[in-house]
Amino acid sequence: MKQLAFTIYILFISLASVSAQKYFTKTGYISFEAGTALEDIVAANKAAASVLDAATGQIEFAVLIKGFEFRRALMQEHFNENYMESSKYPKASFKGTIANIREVSFQKPGNYSITVKGTLEIHGIKKEITIIGSIKVSGNTIQTLAKFPVTISDYKIAIPGIVSDKIAKTATVSVNCNYTVLK
Amino acid sequence: MKKGKRVLLFLLAGLLLGGGYGYYQYNRKSPDVKAERAAITTNAPALVAAFSSDEPSANRKYVEKIIAVTGTVTGVKIDTAGQATVFLDGNDPMAAVTCSFYDTETATVKKLTPGQQVTVKGVCTGKLMDVVLNKCSIVH
Numbered sequence: 000m001k002q003l004a005f006t007i008y009i010l011f012i013s014l015a016s017v018s019a020q021k022y023f024t025k026t027g028y029i030s031f032e033a034g035t036a037l038e039d040i041v042a043a044n045k046a047a048a049s050v051l052d053a054a055t056g057q058i059e060f061a062v063l064i065k066g067f068e069f070r071r072a073l074m075q076e077h078f079n080e081n082y083m084e085s086s087k088y089p090k091a092s093f094k095g096t097i098a099n100i101r102e103v104s105f106q107k108p109g110n111y112s113i114t115v116k117g118t119l120e121i122h123g124i125k126k127e128i129t130i131i132g133s134i135k136v137s138g139n140t141i142q143t144l145a146k147f148p149v150t151i152s153d154y155k156i157a158i159p160g161i162v163s164d165k166i167a168k169t170a171t172v173s174v175n176c177n178y179t180v181l182k
Numbered sequence: 000m001k002k003g004k005r006v007l008l009f010l011l012a013g014l015l016l017g018g019g020y021g022y023y024q025y026n027r028k029s030p031d032v033k034a035e036r037a038a039i040t041t042n043a044p045a046l047v048a049a050f051s052s053d054e055p056s057a058n059r060k061y062v063e064k065i066i067a068v069t070g071t072v073t074g075v076k077i078d079t080a081g082q083a084t085v086f087l088d089g090n091d092p093m094a095a096v097t098c099s100f101y102d103t104e105t106a107t108v109k110k111l112t113p114g115q116q117v118t119v120k121g122v123c124t125g126k127l128m129d130v131v132l133n134k135c136s137i138v139h
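First to last, the protein sequences are chains H and X.
As numbered in numbering that gives the first Met the number 0, residues 0 to 182 make up the first sequence, in order.
As numbered in numbering that gives the first Met the number 0, residues 0 to 139 make up the second sequence, in order.
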């Protein structure tokens with residue numbers, strides 16, 4: 000009887016440790032669109048870092064601003080030097096919590112819709128935001144997907160009048176990260 | 000009248016040159032890093048150590064520069080879209096070098112195995128968890 004209780008205890012502990020897994024990636028894909036009818040503006044970063052704690056629902060992302068690649072070199076220069084001032088503010092980050100983490104079963108493959116609340120920091124300015132996204136669980140790997148708007152003026156990014164009708168007031172950010180278990 | 004014509008011609012030439020230059024600038028592509036020569040040659044542990052000890056000065060020295068980094072492959076990742084990434088040992092438990100490759104390099108990257116020594120050329124974008132290189136290709 001005592002042995003059975005012990006076995007159950009061990010089973011419980013091992014199950015708990017499975018669900019307490021952390022996931023990470025260093026090769027997350029984060030892109031944004033900020034174009035208008037006059038100009039097509041798209042940039043992508045293929046080396047975003049992200050960590051997700053399955054037990055607490057804490058999730059973090061970070062990107063290097065200089066890692067965003069544009070099709071036009073001039074656009075990339077303006078983005079870094081004039082708008083994002085990336086020498087002064089080299090990183091952008093998001094730190095938040097998945098509010099409905101209990102609804103995500105990391106043991107059961109499938110698509111789960113998530114609501115993430117947290118702080119987005121761009122250009123040295125921090126803002127509280129809520130993002131609706133999803134987690135795709137498939138075996139030992141998971142994928143996070145999200146698309147959300149970022150109002151450029153919220154982050155004190157100054158767009159000069161001469162190009163203001165070419166650049167959208169609100170950029171659309173897309174997140175697509177594939178995680179593996181952090182050992 | 001003759002003088003006026005000359006001024007007009009001058010202005011027109013200026014406009015054409017300016018417009019041409021503007022058009023050239025607008026359409027300018029990012030340089031092909033594969034074809035460019037590396038400005039700095041180093042190894043992965045030295046690069047990681049430079050960023051860990053003094054990030055601002057390492058940013059000034061390496062960021063936006065084409066650098067050739069030699070190191071030991073610890074991992075190769077090719078995602079479903081064919082995007083290839085190679086990790087080089089930084090002799091540091093917390094930091095390595097993440098090398099994000101050109102889409103055209105996937106076949107070459109596939110042949111790499113952990114433990115192998117390689118020299119990778121790319122543009123340094125700074126340090127997150129790892130020091131990150133973009134637009135990478137393999138030198139040898």
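Think of the hints as simulated: they come from the structure by calculation, not from any bench.
Think of the CB as a built atom: it goes at the ideal place given N, C-alpha and C, for glycine as much as any other residue.
Take these hints with a grain of salt, some might be off.
Here are the computed lysine-lysine pairs in the DSSO-like style, where the Cα-Cα straight-line distance is at most 27 angstroms [to be verified]:
hint	chain 1	residue 1	chain 2	residue 2
1	H	90	X	64
2	H	135	H	182
3	X	28	H	90
Sample of chain X residues facing chain H (criterion: CB under 7 angstroms; computed from the structure) [what the hints assert, rightly or not]:
hint	residue
4	15
5	27
6	64
7	99
8	102
9	124
10	125
11	127
12	133
Per the computed footprint, the stretches of chain H lying under chain X, defined by three or more beta-carbons under 8 angstroms from a beta-carbon of chain X, are [to be verified]:
hint	segment
13	29-38
14	59-73
Quick rundown of the hints versus the structure:
Only pairs whose Cα atoms come within 27 angstroms are accepted, and residue 90 of chain H paired with residue 64 of chain X is accepted, the gap being roughly 18 angstroms. Between residue 135 of chain H and residue 182 of chain H the CA atoms are separated by roughly 20 angstroms; this keeps the pair inside 27 angstroms, and the hint holds. In summary, the hint linking residue 28 of chain X to residue 90 of chain H is supported, as the alpha carbons are separated by about 24 angstroms, within the 27 angstroms threshold. Of the supplied interface hints, the one on residue 15 of chain X is violated, with its beta-carbon coming no nearer than about 20 angstroms to a beta-carbon of chain H, more than 7 angstroms.
With its C-beta approaching chain H no nearer than about 5 angstroms, residue 27 of chain X sits inside the 7 angstroms limit, and its interface hint holds. Checking residue 64 of chain X against chain H: minimum C-beta separation of about 11 angstroms lies over 7 angstroms; hint violated. Because the beta carbon of residue 99 of chain X sits about 5 angstroms from the nearest beta carbon in chain H, less than 7 angstroms, this interface hint is met. Because the beta carbon of residue 102 of chain X sits about 10 angstroms from the nearest beta carbon in chain H, more than 7 angstroms, this interface hint is broken.
Because the closest C-beta pair between residue 124 of chain X and chain H is about 4 angstroms apart, less than 7 angstroms, the hint holds. The beta carbon of residue 125 of chain X comes within 4 angstroms of a beta carbon in chain H, closer than 7 angstroms, and the hint placing it at the interface holds. Here the hint on residue 127 of chain X is kept, as its CB sits about 5 angstroms from the closest CB of chain H, short of 7 angstroms. For the restraint placing residue 133 of chain X at the interface with chain H, the shortest Cβ-Cβ distance is roughly 6 angstroms, inside the 7 angstroms limit, so the hint holds.
Chain X is given as covering the segment 29-38 of chain H, and this is violated because 0 residues of the stretch bring a CB closer than 8 angstroms to a CB of that chain, at least three being needed. Counting residues of the segment 59-73 of chain H whose beta-carbon sits less than 8 angstroms from any beta-carbon of chain X gives 11, enough to reach three: the coverage restraint holds.
The structure is inconsistent with the numbered hints 4, 6, 8, 13, although it conforms to all the rest.
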